[in-house]
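Undergrad: Sequence:
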Amino acid sequence: MTNLLIALKNLAEAEYSEIKALNKSSNRANSMGDALEIYIRDLFCNSLNQTDEEKTIAYSEKFSYLGNPNNPADLLEAKLIKLSK
Numbered sequence: 037m038t039n040l041l042i043a044l045k046n047l048a049e050a051e052y053s054e055i056k057a058l059n060k061s062s063n064r065a066n067s068m069g070d071a072l073e074i075y076i077r078d079l080f081c082n083s084l085n086q087t088d089e090e091k092t093i094a095y096s097e098k099f100s101y102l103g104n105p106n107n108p109a110d111l112l113e114a115k116l117i118k119l120s121k
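Numbering (the working numbering), first residue to last: 37 to 121.
It is worth saying that the hints were derived from the structure and are not from the lab. All of these numbers come straight from a predicted model, not from anything done at the bench. Worth double-checking, as some hints may not be accurate.
Stated by the list, open to error - Pairs of lysine-lysine, DSSO-like flavour, derived with a Cα cap of 30 Å:
no. : residue 1 : residue 2
1   : K56       : K45
2   : K98       : K45
3   : K91       : K45
4   : K56       : K98
5   : K56       : K91
Could you put the whole structure together from the sequences, leaning on the hints where they help?
TA: As structure tokens, this is what we get:
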């Protein structure tokens, strides 16, 4: 299981935190957004210094859905909080 506190801990402990540019999208803003999304996934999965194969395994263990351009990824075992009016 993962949560925001784990991601923040991983961010604080990261020795090297450069976000690598990707060329998945045709426009620069989307490419940087893709790179940031992968970096945030790595923070949640504690996979910053892992190979791509290890990251894929970590993602499948922590996320039930990796998302698409219009929808964010879903975490497994995420606790929902119902806000009442």
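Undergrad: State for each hint whether it applies.
TA: Hint check:
A hinted pair counts as satisfied when its Cα atoms are at most 30 Å apart, and K56 with K45 qualifies at roughly 20 Å. A threshold of 30 Å between alpha carbons decides the hint, and for K98 with K45 the separation of about 16 Å falls inside it, so the pair holds. Our distance criterion of 30 Å between C-alpha atoms is met by K91 and K45, whose separation comes to about 18 Å. With a C-alpha separation of about 22 Å, the suggested pair K56 and K98 falls inside the 30 Å cut-off, and the hint holds.
Note on K56 and K91: the hinted pairing holds, with a Cα-Cα distance of about 15 Å set against a maximum of 30 Å.
The structure is consistent with each of the numbered hints, conforming to all of them.
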